[in-house]
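Line by line, the protein sequences are chains P and R.
The opening position of the first sequence corresponds to residue 1 in the working numbering, with each subsequent residue numbered one higher.
The opening position of the second sequence corresponds to residue 1 in the working numbering, with each subsequent residue numbered one higher.
Calculated from the structure, these hints are not laboratory results.
Each hint should be verified, as a subset may be incorrect.
[Said to hold, decoys possible] Facing chain P, according to a computed beta carbon distance under 8 Å, are these residues of chain R, among others:
1. R36
2. V56
3. L58
4. V60
5. A61
6. P73
7. V134
8. S138
9. P146
10. A148
11. I182
12. M239
13. K258
14. D262
[To be verified] If you want the footprint, here are the derived chain R segments under chain P, 3+ residues with CB under 8 Å:
15. 46–55
16. 112–123
17. 160–172
18. 242–253
The C-beta atom is built at its ideal place from N, Cα and C for all residues, glycine as well.
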Amino acid sequence: MARRLSGRPETRWAYVFLLPWLIGLVLFQAGPMVASLVLSLTDYDLISPPKFVGLGNYAQMAQDPKVARAIANTAFYTVLHVPLAAVIALALALMLNRVTGRAAGVFRTVFYLPSMTPYVAVGVLFLFLLNGQAGLVNQFLGLFGIDGPQWTTDPAWVKPGIVLMSLWNLGSTTIILFAALRNVPRELHEAAMIDGAGAWQRFRSVTVPMISSALFFVVIINTISSVQMFDQVYTMFFGNQSAQHSYGDAALFYVVYLFQQGFQFLHMGYASALAWVLFLIILVITVIQVKVGNRFVYYEAEPQGSTELESR
Amino acid sequence: MTGTTAGTSAPAGPLARPASPAAVARDDRPGGAGTRRAFFLVMLAAASAVFLYPFVWLVVASLKPRDRTFADPFLPWPRPFAPQSYVDVWHAAPMTAWLVNTVVVGFMAALTVTVSSAFVAFGFAYFRFPGRGVLFGSVLATMMLPAAVTLVPTYLIWNAVGLTGTQVPLWAGNVFGSAFYIFLLRQFFLGIPRYVFEAARVDGASYLDLFWRIALPLARPALIIAFVFELKASWFDLMKPLIYLQDPQLFTLPRGLKAIVDQFYQGGDPKWEIVLAAGVITTLPLIAIFFVGQRYFVQGIATTGQRG
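Kindly produce the complete structure, drawing on both the sequences and the hints.
The structure is reproduced here in structure tokens:
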């Protein structure tokens, strides 16, 4: 078909406009994907040439207790963060939707502000807030007579502390859900009311189905970013040799370990294997979520509403 | 949590309509619209306090002497007032260089990604050509590609061309556009009526004219969204500076803040007030940018969220 149309100047111009993307796709996306796969079959330390080891890196991963630990830690965090973030953000969005107008705008801004705080600064701030002896969180718990845990040093409490920190950043999720709520036609609620539906029934049968595609979207996006958690955790618990590691590997997240292997130990082959497994994990999770989601998500028929998620 | 959207809300736009008799009747009963609105306002105010207070604590603690950092945690002003930390942090680290670096890198990253993404997006929006569907599919597919997967080979590329240790790898990949912004801008261009372009073609405008003189000016809001989003992303970035920068003079603020935490919080020489002051300096410019460009942030998240 290229032959049939290659003579048209319009087609040639189209590819001129697409050229940056095509170059980038080869150079920084598809190329590195393939290179990553090839590298994952080698031992490579940047100094001596890569040495082919077959599936050796993958075999090593299967036996590396740190990989198991990193996957478990990351899964723990994701399984807690994603539902909690969705539920709390939905609660905030529902409240915003009840007041609307200027007040809603002001509160929405407030809820988004933490999301404008660079992750390194968030990590720094929560090192102080979660301080076991005198941090704000434990002093607040102390007001109710609760003796708060050692969030930053007790291995059992490090990840719950990280989840707590992550729930400070709900701005985008709240904005997306609030926007979805505002698009729910009021007629539907009124019809349900006339039919005698109570508040909870209307929430279950009108609100949730009508915003299900937005809920689905935030769950997928938040899952993908949770699995790749790095900045805050690395800021708080890694990078300083003299820091006391009383928390053991409790904060060893998957991408942290990938980063250490690749850029601290220069195990480029092993890091590439870790990267590919991460890619497959994310792919599998997303496919499962899309499959499950499609059974529950209600898509309104939209003339040009082919979003990237619907179209796959 | 049990509340729904009925009753008091007044959505703007085509959905706004007068309340039906049933809804009015509901709102008239005791504990009706006004009371419920007040209840939700109080709840929202309480939630806001939770989200805002960490900022207050950060700023206040950064203005207190070291031995008072954790004292009076619920007092919303510093006692005693000790702004010396902001002078000390400038002596302890090259803060001016870090600030300039962050602005320069952020500006380069945002400018390049906005222009190139718009260029590519125009190609997808205006032209009809063989392979368009497949190629646009590739744009969408790369949105799902986790950055961690290409970390190592991307490093090897920059290493091969001798640019590791410079700030170039922090933004130069953006000259090829980014899937997310291409998607956003294409949606925007598709909304421009086609006869606008056809009329210009009749008048002898070239395709580059269509892009530069018609599409770009009309897409200004979407361009600003892309610019501020990427500026924010660049200002947040820790991974790339960690990988590519060794010379502290070249650090960006997040990378610099990480170095300060390592030295003055975790290290043997605790100077908490310096860490906190550096945290404020890293955060404040972005908050200021947010207040200036707020509607673009909200619009961007809401539209891409809904569209996506």
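Results of checking the hints against the structure:
no. : hint    : in the structure
1   : R36     : holds (7 Å)
2   : V56     : violated (10 Å)
3   : L58     : holds (5 Å)
4   : V60     : violated (11 Å)
5   : A61     : holds (7 Å)
6   : P73     : holds (5 Å)
7   : V134    : violated (11 Å)
8   : S138    : holds (6 Å)
9   : P146    : holds (5 Å)
10  : A148    : holds (5 Å)
11  : I182    : holds (7 Å)
12  : M239    : holds (6 Å)
13  : K258    : holds (5 Å)
14  : D262    : holds (4 Å)
15  : 46–55   : holds (count 7)
16  : 112–123 : holds (count 5)
17  : 160–172 : violated (count 0)
18  : 242–253 : holds (count 3)
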